[in-house]
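Student: Place chains D, B, Y, U and Z with the ligands on chain G using the hints.
Residue numbers (my numbering), protein chains in the order written: chain G, 2 to 136; chain D, 137 to 298; chain B, 37 to 963; chain Y, -1 to 126; chain U, 30 to 121; chain Z, 32 to 541.
Watch out, some of these pointers could steer you wrong.
[Stated by the list, open to error] Not the full set, but computed from the structure, chain G residues with beta-carbon under 8 Å of chain D:
# : residue
1 : Ile8
2 : Phe20
3 : Ala27
4 : Ser32
5 : Lys43
6 : His63
7 : Arg91
8 : His113
Simulated from the structure, these hints should not be mistaken for lab results.
On a predicted model such as this, the values are computed, not experimentally measured, just so you know.
All C-beta atoms in this analysis are idealised placements derived from N, C-alpha and C, irrespective of residue type, glycine included.
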Amino acid sequence: MRLAVDIATLFLLVVGCFFVFLGSFALVKLSSFFHRIHGPTKASTLGVGCILAASVLHRAIHGTGLHPRELLITVFLFLTAPVAAHLMSRAALSLMDRRPEAPCSGTEPEGHIRDDADERAEQQARERAEGRDDG
Amino acid sequence: MIARIFPSVPQSITVFVFWLLMAEDASPGTLVLAAFLAWLMPQIAARLEREFARIGEARILLPLGAKLLWDVVVANITVARQVLGPEDRLKPGFIWIPLELTNIHGISALTSVITLTPGTLTAELSADRSHLLVHCLHVEDPEQMIREIKQRYEAPLRRVFP
Amino acid sequence: MLLLLLALPFVAALAIAMARGASRRTVAWLAAAAPVLGLGMLGWLTPAVMAGSELREIVSWLPQGGLALGLHLDGLAWMFAGLVLGIGALIVLYAHYYLAEEDSARRFFGCLMLFMGAMLGVVLAHNLLVLVVFWELTSISSFLLIGFWTGRQDARQGARMALTITGMGGLALLGGVLLIGRVVGSYELDAVLAGGDAIRASALYPAILGLVLAGVFTKSAQFPLHFWLPQAMAAPTPVSAYLHSATMVKAGVFLLARLHPALAGTDLFFYVVTTVGAVTLLIGAWYAIFQHDLKGLLAYSTISHLGLITLLFGLSTPMAVVAGVFHILNHATFKASLFMAAGIIDHECGTRDLRRLGNLRKYMPYTAALAIVASLAMAGIPLLNGFLSKEMFFAEALEAGEQSAFRVAISIAALLYGVFGVAYSLRFVHDAFLGRGPRALPVEPHEPPVWMQVPVAILVALCLAVGILPGLVIEPVLKTAVAGTLGEAAPEFSLAVWHGWNLPLVMSIAGVLGGLLFYFALRRLFALHDAMLRTWGRHLYHVNVEKLFNAAWAFTARVAAGGIRRSLFWMIVVVLVVGSAPFIGQEASLLGDLPAPQPMPALGWVLWAVLVASTLATVAWHGKRLTALIVIGATGLMVSVAFAMLSAPDLALTQLLVEMVTIALMMMALNYLPKQSKQARTPFRRWRDALISIVAGVGVAGLAYAMLVRTPDGAVSAEMLARSLPEAYGANVVNVILVDFRGFDTFGEITVFAVAALVVHAMLRFARMRPDEVMPGPPVQLPIPADLTQLLFPLALTVSIYLFLRGHNAPGGGFIAGLAIAVPVLIKYVLQGARAVEATFGFDYVRGISIGLLLAAAGGLGSLLFGLPFLTSGHVDLHLPVIGSLPLASALVFDTGVYVVVFAGALLILSTMGTVRRRTLAAEEAA
Amino acid sequence: MEFALASGIGVLVAAGVYLLLRARTFDVILGLTLLSYATNLLIFASGRMVVGKPPVLRALVEPVRANYADPLPQALVLTAIVIAFAMTAVVVVVAMRNHADLRSDHVDGREPERKPDAGPEDERSRDA
Amino acid sequence: MIDLMNLVISGAMVVVGCAMLLALWRLVRGPTAPDRILALDTLYVATIAEVVLLGMLDETEVYFEIALIIAMLGFFGTVVLSKYVIRRDIVE
Amino acid sequence: MQHLVLAPIVLPLVTGAILLMLERRHDVRVLRSGAWIGLALLLAAAVALVARADGGGIEAYLLGDWPSRLGIALMLDRLSALMVLTTTLLAIPALLYACAGWDRRALHFHALFQIQLAGLNGAFLTGDIFNLFVFFEVMLIASYGLLLSGARGERIAAGMHYVVFNIAASTLFLIALGLLYGMLGSLNMAELAVRVAAVAPEDVALVRVTLGLLLVVFCAKAALLPMYLWLPETYARAPAAVAALFVIMTKVGLYALLRTGSLWFGDMAGPFEGFARGPLLVLGMATMLLGSLGVVGALRLRIAAAYLVLMSAGTLFVAFALAQPGTIAAGLYYLPQSCFAAAALFLVAHIVQRQRGRAGDRVLPTGLALPLQTGLLFMVTALALVGLPPLSGFIGKFLMLAAVPAGDIGWVYFSVLASSLLALVGLSRSGSRLFWRTVEDQRDTDSVDGQPRVTRMEFAATALLLALVVAMSVFPAPVLRYTTATAEQLLAPADYVREVRATTPQVRAP
Ligand code: NA
Ligand code: NA
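This is chain G alone, in the form it adopts within the complex:
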């Protein structure tokens, strides 16, 4: 029994780590925001959930007993992650030059989100307009 639980724990740990890492990896690897956001918001959440489950199991065997309250952490995480993801997408949408217009128009190509380069260009333009910079 202990062995089975330990093996389950190890499995959950490995899977959890994998997904947490995967989420971050997607963040780095993928080329645009709307691609990247899929990684961390879901994979990482799941990964953390696995690790928490592993923790519950581990504690039940090696620690002070069964502490299901750690699962509450997962509950909160699953409750809040969509809010965060939704808001970040809204934010990205609001910075997009070509936003998916009205409903029912089907797919749209992805637009460009205002980034550092745009801001640099804007600032340079502003400085040129002001003529000089003082500070």
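Tutor: For chains D, B, Y, U and Z with the ligands alone, coordinates are given in the frame of chain G:
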């Protein structure tokens, strides 16, 4: 009368269970305290919420949750492949999904579900709350996608949040 | 008695100040009462003084500091008191007629009485510190008197110049007196005078002498600080007559006389004082000849006479001192009368310019007669008092010092003085009363009211009486005064008009003839009326004072101009100096012997990398504020994880929650601030700042490292760990420290938190704020997140209560719990809008803060009921039916206070910031 | 490990001081925040670095320093965090008002190139 | 087994640490504001994992509250920052 | 009555909290009554404390009934009692002045005022170095509130400078405290005195840095050169009543310097005896001179007043750095009177400002002649501040000069006398310009319309401050007796330490 004492029974139950879980204890003292909080919390929340969610068929929540969990795991593996594979094979895109759900709590729940399922992400609710903008990491057939979402998640949710 | 005497003028001043609405006559009577009564008292005391007994009265003031209101009346004080009161009485009479309708008699006489009292204080003082006190009071009251005509620029300037110079002297005198007190061990005059040898032998003697003489020379207008006196002639003439001839300027030489036994008798004293006296004597006399202003002439002649007196005290022989004291008296009488005469001329002719006056004997014969007699006294013509002291001076000059060259020089100076003195007296008499004129006067001159002449007449009569019958009139007075000055060393002498033909007499005659010749010759040669000599002292003073003001202004403005940046820069520099100083030139190394460092867990390196990278990124991106804020969020997160890793869960929690609130705060602020920082384009400054920052960083890191590698011993916390559970009933020692061991810190801390909220509220409540960039369109709706967080709120509240109740035994506690519920409410504000939240959630945050503070205080004060100190915790185990055992610590009440304050405070801050624009808009709509 | 903490503190201080000297309101606020992290860590460090021994007493573990981290610095840091937050709130609001009232983002309320008033002459007509 | 378990837990901490470093990279690189917000959010989530692993390693429960608070309120930063990007006025 | 020492802290705090509660629903009159009741009780407590401290004993009040090394102890000795009384006496006229109308215009004024008092008193009474920090912060944050509540425009910018500088200084304070605890393992000041003396030789340099940083903080708060730049604008821009109360704030830094100096750098301090005295003396003198130069160059009366505060801080630095019984006693005599006088000058400046209409307190001619009372108030104030006889400023300076050790006479005498002279020059100039000079052709154009009228209450507040100065001048002996005893107490730190260690909890184990 009951409505005044427990303006939201679901919430009271949630809090009660929540407290017992947190305290990891079922002594009389804890139970009394949990009951007290189960009464108190909705009272306080009532001052902040516009309305409490009305739950229709609560019993389909459990199978829905299980289905969701499974979907999450499966879809995560899919996404893992997509992420680890070459990016140019992806066909991402935005899709407007028409909604039949009118209850805002239902819409919220659907949004969460869509977001939690890998590969899809809700980005916006149209102002008239009739369409949901979803971003898909890889979508071959938008219509198929819309159908699947409506059937798999929206339908049960309409029963939960009538 | 002496106290009463001293108090008289002050009482009069007070009475005058109180007598609002009194007639001018009443005021004058009040003012006259003081000197007249005083003279009466002085007369009553005279027999005793003459008999050689010294009256003394001491009122304790500051016994520990050696400061006592010690007064005494010896011969010298008696003479001077008589002078001050006598001439004072005459001046009051004169001034009553002199002052114009529009002049405020109350102010004038009030100040005059103040001065009279101060001057009396100077002469009566037995304690040198008291003397300094009154000395400075004379400066201050003379400032008010000189500046009496406040609308006139020369009056204001003259007053300021006089105050500056004499104030400087007074401060120097204070220094000198303090040094004397150090040497002698007392400020009492008899101790000081008795300690003359000790003073002269002391290493401090040069300093003492220098400082005291600085006081003397400034007050008595000695070269090169003489120039304030002519400037002070902007004062009303009674003031000039009183202060600038008879009394105040004599305070300097009075002090010289006073301290003569203590200071005189060294070569240093001799040469310095005689030289300064001689130079002043000549310069004053020379300049007097060329003045066009009647009062200017008198002022310079006063300077010259003061130089003479100084010179006499410098000579230091007993007879020279006698001559000095005698000349003080003589000069006071004739100069006061001359000033009053000048005042009459000014008053009646409307001008004091000698170039426009002349032939006044025709218009005001009595005045002319009186003034001419007084002038002759000033010139030192026989049968007048001036002659007698001048003769004594000549006699002493011929025997001055031990070196013949010096003696010759002094004698020549004496002769020249005789010549110049006659010359300027002649100029006064001739240009005003004789000769041709007057020219272009605004009014037809005539005799003044008779009561204006009476004081002049009295003084002139005195000049004559002394000059003719010195032995009878003045000898006893002089003997008394000299006895007071020199004590045992007082010489025997007798005054007589005729001493037979001797060298001094020859010098006198030569002086008179030379003066006549000089005046008329000079008139022909140089056209005196056109000659106007520049007084360099005054000029230099003005230039330098202006320079001082400008320099001071420029300097302070320049120093202060750097703003915060400079403030911080200097502080950092000081810190760097203080931080490096202990290591400079010392063997001590910062690190000592390095023990093996602890191994680093992998997580540590990650935290370190993220912390450092995000910190540097914050610096790199600081110009783009949103980016910087996001990046700095990672730094905060890493700090809190570091706390968790290093065994501080409470800290990690607090840091996390505070971090969240801080982010919200900054985002709200960013709405009203520019999105970007302007970058300084000066690379120099950037590099300099970077260098300083790196040095500071390395320094702090070094200190931290040095501390970390030292093994601690004897920290008090070991005992806290041991006593936490048995005595404070808490397993979470950090929380026990917060609410029990060091609960008072927490009490202060929540006060800070509460006040911060109040400050934010106070600053934004009525502010008109406008976002830096107004977004178009209606407020955005975020229905989905808003809906999702509805579920969150009751759960968060439950968690918060959990954290609060468990805090004493697990991470948590009032503060953390308070924030844990404030943040969800804040999320509601963000997602639903302030209007929606506040419409339903009717919570008065200010009141909440108040209640929280009171709760915390009550939690602390409860123990007082049991006779135990503030914040002493109690503990009970309640055994309730169903619930069972319920352990309660009284610290819970205190912690509840914390909870409430933190919740209410955080929300007051954030809701005030969040809703400021709404209020502004509402106000604008209303307006 | 000591080196990592010390160097972390050092980097925070350096960055904080640099930003503090930028003299733009928001930069100063960021600088103060970084400095407050640094000071908190430094105070915390005065209890030395202990991994895995939080000062929450456990049954059967003797309450001595060897078994628990030093709780006192932790309590001090808590106080310091709260006070730093309070101060940050005030600075932030002052910065807002500064910008609203004076239309300047500079900490001195005006752009630095403006010299102080031209000279004393304009304010003081000469007495001399 | 305990040793293996501890080894795996430590290894997991390293892997999650790597995930944090990747998030850091995105945080510093950007290029868009939402990217950075996302990176910060990811850091928070990874932190929960680290804290839980820490608790497993030390066999203590004192880190529970930290993980709970991050899970419950850690998205607050994301909410505020995103709201700012969407609309500068975060409380309307 | 053992709890009396608590009163100066808790009383105003509770008063402040109650006033906060009342402010929304009640009239300003209710608030004022509450504030005055609180202040009256505080005064009674302060007087009682002085009387008790004058018994000569040092009392430790163990908060939470913990031994002082574990918990926090409030300490009552002559010095702290004196400071508390000074604060209270200063608060009375400040509140009186504020009650003439400013308290209506500044939100939360009364609560902030009371909490400020609590912070000040806490700083003076605490015997724990970290608790000192906390009360510094209480005092500072309340001062931000008082300065900024109701503020607009330039005042905000001045406030910014003040706030940022003080936060930076507080950060430094914390760094020093961290190092201090890390090196010495205690926070109780008396306990630290013992530990400082016993520092191992290899740690001396590090402890020197630590204590040096702490002194830098105190000096920064006390506005010692070169860290005084924050002061002039802040004080000159503060509302008059607030500026009057602020005068005591620099003295808190000085107090801390004196307290820590006497405990840690006194005769029992071993390697730290006389630490930093030399630099402090030199910088004190320089501060004094620069302060007086600022008075000379000031274009506004309030700026001049601020520089006078600086000058008096410099004087006190010198007095305390000399560390002689006589100089400390003199300094402690000088301290309250300089507070009163400087506060009075701020009030006078505000009165002048309103009576001169357009020109305000700028040293500029106008067509408006000022009433004689204002002139009189100004003159007395100026005399006291410059240190001219017969007022207490003079007494303080002369006492200090008389006690300067022989070796330091030259520079100290020079700087004290020269700064007095410069201040005299400056103030006589501004005085004669403000009160004497009227410009004929502006007589009709200048008016005080739109300026709030100067009320009798405001005059009374100023006169009250001056009455305190005069009382200290006429009866200096009892004050000096007290301060001399204080100095002796300070120079015997061993007694203090013994007293703290000997005080045991009432019920807990020692
Ligand atoms: Na807003
Ligand atoms: Na912070």
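Student: Return the status of the interface hint for Lys43/G: holds when the least beta-carbon distance to chain D is below 8 Å, violated otherwise.
Tutor: Holds, about 4 Å.
Student: When the nearest CB of chain D is found for His113/G, is that gap smaller than 8 Å?
Tutor: violated (14 Å)
Student: Are Ile8/G and chain D close enough, Cβ to Cβ, to be under 8 Å, as the hint says?
Tutor: Ile8/G check fails; min Cβ-Cβ to chain D is 18 Å, beyond 8 Å.
Student: Given Ala27/G as an interface hint, is its Cβ closer than 8 Å to any Cβ of chain D?
Tutor: Ala27/G check passes; min Cβ-Cβ to chain D is 4 Å, inside 8 Å.
Student: Under 8 Å, Cβ to Cβ, is where Phe20/G needs to be relative to chain D, so tell me if that hint holds or is violated.
Tutor: Since the shortest Cβ distance to chain D is 6 Å, the answer is holds.
Student: Does His63/G pass the interface hint, meaning its C-beta sits closer than 8 Å to a C-beta of chain D?
Tutor: violated (17 Å)
Student: Can you verify the interface hint for Ser32/G: is its Cβ closer than 8 Å to any Cβ in chain D?
Tutor: Status holds, d = 6 Å.
Student: Taking 8 Å as the limit, does the beta-carbon of Arg91/G come near enough to a beta-carbon in chain D?
Tutor: At 6 Å from the nearest chain D Cβ, Arg91/G passes the 8 Å test, so the hint holds.
Hint check: violations occur at hints 1, 6, 8; the rest are consistent with the structure.
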